[in-house]
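So the chains spell out like this:
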Amino acid sequence: MVGIPRTAAIEYPFGRPVGQVHDREGQRRVLLGALEVLEKASRPGEIRHLPFTWPEEPKNTDWQPPEMSPLIKYYLEELKAARRREAEQGQKGA
Amino acid sequence: MEAGQKVVDAYRFLPPSLAAWVRTFIGTEDYKGQIPWTPLPKPLKQCTFSLVTSSGISLKSDPPFDMEREKREPLWGDRSYRVIPRGTTSDQIDVNHLHINTNWIKQDINVMLPLQRMEELESEGVIGRLAPSSYSFYGFQWQSTEFLETAIAPMVPRMKGEGVEAVLLFPA
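Same order as they appear, the protein sequences are chains E and F.
If you use the working numbering, the first sequence corresponds to residues 1 to 94, in order.
If you use the working numbering, the second sequence corresponds to residues 1001 to 1172, in order.
Just chain E, same shape as in the assembly:
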């Protein structure tokens, strides 16, 4: 395993890290932000957070595949168990 030299973190949905379809100006701003990280990052592993906000609520972004992925089907019970554990820990912590 190796770390990532420089990261431009962005809070955009999976599958559209550069921006919305046909949004030339928005895509350009993201790309310029990423290039600025490349230019200014000064140490290995540096993470810079880009300031952009996706205009839709997560549930409206339609980023998920039309069919549940084979991996998720395979591990579905483990996913549910992980969520139950977090809920239980949350209650203990409250």
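Derived from the structure by calculation, the hints contain no laboratory data.
Quick reminder that beta carbons are idealized off the backbone N, C-alpha and C, glycines included.
Be aware that a few hints might be false.
[Said to hold, decoys possible] Below, computed lysine to aspartate or glutamate pairings styled on EDC-like, alpha-carbon distance capped at 16 angstroms:
1) E/59 x E/11
2) F/1032 x E/46
3) F/1106 x E/23
4) E/73 x F/1073
5) F/1045 x F/1124
6) F/1106 x F/1091
7) F/1106 x E/62
8) F/1006 x E/11
9) F/1045 x F/1091
10) F/1045 x E/36
[Claimed, not checked] Non-contacting residues of chain F with respect to chain E, defined by C-beta distances greater than 10 angstroms in every case (computed):
11) 1005
12) 1080
13) 1083
14) 1147
15) 1155
16) 1157
17) 1158
18) 1161
19) 1162
Starting from the structure of chain E, add chain F where the hints point.
Showing chain F alone in chain E's frame:
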């Protein structure tokens, strides 16, 4: 640009159970291992760039990434790669990925692999040059590093041959 104000929530778009599961194997501490580092050799406006994406984009004229085997073997992901030439447009690509909605990329390749945007920055003199070749592989590689040999390593001599000095990675 005022970067540094916003703190990205990497889990924002994940459904709760998937987020909880991912948190079980993503550590909360900073990575302490080895991190490669090559200083940027010169200003952006003099650098030659290539792009790499993990989103399963392929040219319609090339074989698609193999989704059928993954459907039979849920822990297997295609370990090959494709060259995506500069100038490639959305109507020339196929996208295969079982973990995202691929329709957005098919409508506009630039949401994932911004070839046209890089060409514009090249013509404006913001970057030096976009190399003839960019690259695509299939990012679902579950507990396997074999793809590093079969998909990533072969990109390197081609990049060197095209004088690439900086690479932007676009994870799906």
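Hint check:
1. E/59 x E/11: holds, 14 angstroms
2. F/1032 x E/46: holds, 12 angstroms
3. F/1106 x E/23: holds, 14 angstroms
4. E/73 x F/1073: holds, 11 angstroms
5. F/1045 x F/1124: holds, 9 angstroms
6. F/1106 x F/1091: holds, 7 angstroms
7. F/1106 x E/62: Holds, at roughly 14 angstroms.
8. F/1006 x E/11: holds, 9 angstroms
9. F/1045 x F/1091: violated, 30 angstroms
10. F/1045 x E/36: Measuring from Cα to Cα gives roughly 12 angstroms; hence the hint holds.
11. 1005: violated, 6 angstroms
12. 1080: holds, 18 angstroms
13. 1083: holds, 20 angstroms
14. 1147: The assertion about residue 1147 of chain F holds, with a minimum of 14 angstroms to chain E.
15. 1155: The assertion about residue 1155 of chain F holds, with a minimum of 16 angstroms to chain E.
16. 1157: It holds; residue 1157 of chain F is separated from chain E by about 20 angstroms at its closest Cβ, greater than 10 angstroms.
17. 1158: Given a closest Cβ separation of 20 angstroms, the condition holds.
18. 1161: holds, 22 angstroms
19. 1162: holds, 18 angstroms
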